[in-house]
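Participant: The listed protein sequences derive, respectively, from chains E and A.
Be aware that the first sequence starts at 1, since it is given in our numbering, and climbs by one per residue.
Be aware that the second sequence starts at 1, since it is given in our numbering, and climbs by one per residue.
These are calculated hints, taken from the structure and not from any lab test.
One thing to keep in mind: the hints can contain errors.
Unchecked claim - Residues from chain A that face chain E, not an exhaustive set, calculated with beta carbons under 10 Å:
# : residue
1 : Ser51
2 : Asn59
3 : Gln200
4 : Ser203
5 : Gln206
6 : Tyr211
7 : Leu250
8 : Leu285
Unchecked claim - Computed beta-carbon distance windows for the label pairs:
#  : chain 1 : residue 1 : chain 2 : residue 2 : range
9  : A       : Pro253    : E       : Arg17     : 39 to 45 Å
10 : A       : Val179    : E       : Val135    : 35 to 41 Å
11 : E       : Val209    : A       : Arg111    : 33 to 39 Å
12 : A       : Ile164    : E       : Val135    : 22 to 28 Å
13 : E       : Ala148    : A       : Arg43     : 55 to 61 Å
Computed from a prediction, not measured in an experiment: that's the story for all the values here.
For each residue, glycine too, the CB sits at the ideal point set by N, CA and C.
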Amino acid sequence: MGSGRLYTAVAAGGFRRYATYRVATAAGVFTNTVFGLILVYTYIALWDEKPHLGGYDRTQAITYVWVGQALLSTLAIGGSRVEAELMERIRTGDIAVDLYRPADLQLWWLASDLGRAGFELIGRGVLPFLFGALVFPMALPGAWTTWAGFLVAVVLGMVVSFAIRYLVALSTFWLLDGTGVSQITLLAGMFASGMTLPLNVFPGPLGDVVRVLPWSSLLQRPADVLLGEAGLWSTFAFQGAWAVALLALGRLVQSAATRRVVVQGG
Amino acid sequence: MAETVERPGAAAESDGSGTRGGTRARAAVGLRAYGLIIAMWIRSTMAYRTSFVLTAATNFVTTGLDFVTILLMFSRVDVLGGWPLPEVAFLYGMSCVAFGLADLVTGSMERLGQRVRDGTLDTLLVRPAPVLAQVAADRFALRRLGRVMQGALVLGYALTAVDIAWTPLKALLLPVALVSGAGIFCAVFVAGAAFQFVAQDASEVQNAFTYGGTTLLQYPPTVFGRELVRGVTFVLPLAFVNWVPAAYLLGRPLPLELPGWVAFMPPLVSGACLALAGLAWRAGLRSYRSTGS
Chain E
1 MGSGRLYTAV
11 AAGGFRRYAT
21 YRVATAAGVF
31 TNTVFGLILV
41 YTYIALWDEK
51 PHLGGYDRTQ
61 AITYVWVGQA
71 LLSTLAIGGS
81 RVEAELMERI
91 RTGDIAVDLY
101 RPADLQLWWL
111 ASDLGRAGFE
121 LIGRGVLPFL
131 FGALVFPMAL
141 PGAWTTWAGF
151 LVAVVLGMVV
161 SFAIRYLVAL
171 STFWLLDGTG
181 VSQITLLAGM
191 FASGMTLPLN
201 VFPGPLGDVV
211 RVLPWSSLLQ
221 RPADVLLGEA
231 GLWSTFAFQG
241 AWAVALLALG
251 RLVQSAATRR
261 VVVQGG
Chain A
1 MAETVERPGA
11 AAESDGSGTR
21 GGTRARAAVG
31 LRAYGLIIAM
41 WIRSTMAYRT
51 SFVLTAATNF
61 VTTGLDFVTI
71 LLMFSRVDVL
81 GGWPLPEVAF
91 LYGMSCVAFG
101 LADLVTGSME
111 RLGQRVRDGT
121 LDTLLVRPAP
131 VLAQVAADRF
141 ALRRLGRVMQ
151 GALVLGYALT
161 AVDIAWTPLK
171 ALLLPVALVS
181 GAGIFCAVFV
191 AGAAFQFVAQ
201 DASEVQNAFT
211 YGGTTLLQYP
221 PTVFGRELVR
231 GVTFVLPLAF
241 VNWVPAAYLL
251 GRPLPLELPG
261 WVAFMPPLVS
271 GACLALAGLA
281 WRAGLRSYRS
291 TGS
């Protein structure tokens, strides 16, 4: 119970910390809205050409765009400052201090990242989504259970996203410079989460592959829950399985890394 | 207080104010400083050659993702907004090369807000070189050539696949439009940096116009709402980067039914944008008050 309070406090700290960047948040809302507009028009052109592409109708495709803009920074699809900071701590050797804390390294950073994600959902995600709903016709569910299911899928997406980025950050123990892996994460995140194009539009075997990769938990699956295109429990099971597997892998890599840790400089 | 933020270049500036020679001399000083700083960063980049090759390659792949998205779309449809793939690739290539060149030359200006916040801009103010040249050349990233190369490849493919009735005038328009387009994007970068003097924490707003702008231009104008097309033609004239000249080259009607001669406007539009951005930059720099930290 004591440790539960600790991680709640860490999460609250993460939330508050990102809440202080008010101008940056407003700027982010503006940018997400502009990108949403550009994407919506290209999707409309695409769906005008081929109605029911990927099983969505036009309004579902429009809704998908705004869900994507709401979740882009929330689920850190292109990466976030949290793992960038963790990488910097590993590179400089400050991580040694973290290892001496009477708290679990992975849970600590997970809590902090969940706090960040929570703020970005409210601070950066909601407004572009509302803008989209006001200006364009959207396919929004009426049942509150669907909304609740969507929120659960988003939270599970947060955990999967963190688990991926934690592994990316740990690679710094071996590579020392994380720029390359960060870029690859960005690439995989944008492409395989369905951010640039819904995964059900991807043709043939490529589509089959991207739909089972962990990144599909980030945008495609929560969006499908909201659009009523996927079952709640099968979605949760898929996301949960990836979350558990990736977090466990993170633990393994973490113990391997800390056993060989050589603290840089001082 | 005001003295500490006064630009050292200001004295030299007033020497030649009003005379053409003075302006030209100042531009020469700026270009020379820009060249020297860039040469320094290139040397330091080349100290880690493998790292440079890897980051340039990653840049190439990352920026190519946009085109992969377009290819995926065309795996499902034959035309988008009435434009077939080779013509969309032509738009994409032009936008990507112009933006890539601008990003190479002035992309570092994105970080101005950071410099204002942490006070490191002061270091640049006390050096005897124009601040604009220093900020633009700061951490010059040669790896950004990756985007230019990627755009050039797509443009090369498009040129072999589209059907253009070439005339000497049209052949001249293409390179002129690319350079002018780079100028327009440079102006957006400089104006965005000027805005960061005021809103230090708002570099993302700039992304909406730079990265958002290049993404917008990768798709045919027919895809977008008329109001949006009007906005990027008359307010922020991004349409002159590729939509307007490309429509003319491809023998399509110009956006907003503009007359054909408008296709030759990009150099003028680009010059006007750069002049306005320069004014905005000067106003921004004058309003700068150091954090003192």
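Participant: Hint Leu285/A vs chain E: min CB-CB distance below 10 Å?
Facilitator: Because about 20 Å separates Leu285/A from the closest Cβ in chain E, which is outside the 10 Å limit, the hint is violated.
Participant: State, for the Cβ atoms of Val179/A and Val135/E, whether the hinted interval 35 to 41 Å holds or is violated.
Facilitator: Holds - the Cβ-Cβ distance for Val179/A and Val135/E, about 37 Å, lies within 35 to 41 Å.
Participant: When you take the CB atoms of Val209/E and Arg111/A, is the distance between them in 33 to 39 Å?
Facilitator: 37 Å, holds
Participant: Tell me if the interface restraint on Leu250/A is satisfied: Cβ within less than 10 Å of some Cβ in chain E.
Facilitator: Hint on Leu250/A: violated, closest Cβ of chain E at ~18 Å, above 10 Å.
Participant: Given Asn59/A as an interface hint, is the shortest Cβ-Cβ distance to chain E below 10 Å?
Facilitator: 8 Å, holds
Participant: Interface hint check: Gln206/A, Cβ to nearest Cβ on chain E, cutoff 10 Å. Holds or violated?
Facilitator: 8 Å, holds
Participant: Quick one, is the Ser51/A hint okay against chain E at 10 Å, beta carbons?
Facilitator: 8 Å, holds
Participant: Starting from the range 55 to 61 Å, see whether the pair Ala148/E and Arg43/A falls in it by beta-carbon distance.
Facilitator: Cβ of Ala148/E to Cβ of Arg43/A: about 58 Å, so the range 55 to 61 Å holds.
Participant: Tell me if the interface restraint on Gln200/A is satisfied: Cβ within less than 10 Å of some Cβ in chain E.
Facilitator: Status holds, d = 7 Å.
Participant: Quick check on Tyr211/A please, does its C-beta sit within 10 Å of some C-beta on chain E?
Facilitator: 8 Å, holds
Participant: Are Ile164/A and Val135/E spaced within 22 to 28 Å by their CB atoms?
Facilitator: Roughly 37 Å apart at Cβ, these two residues miss the hinted range, so it is violated.
Participant: Would you say the C-beta atoms of Pro253/A and Arg17/E sit inside 39 to 45 Å of each other?
Facilitator: Check failed, 52 Å falls outside 39 to 45 Å.
Against the hints set out earlier in the document, violations occur for numbers 7, 8, 9 and 12.
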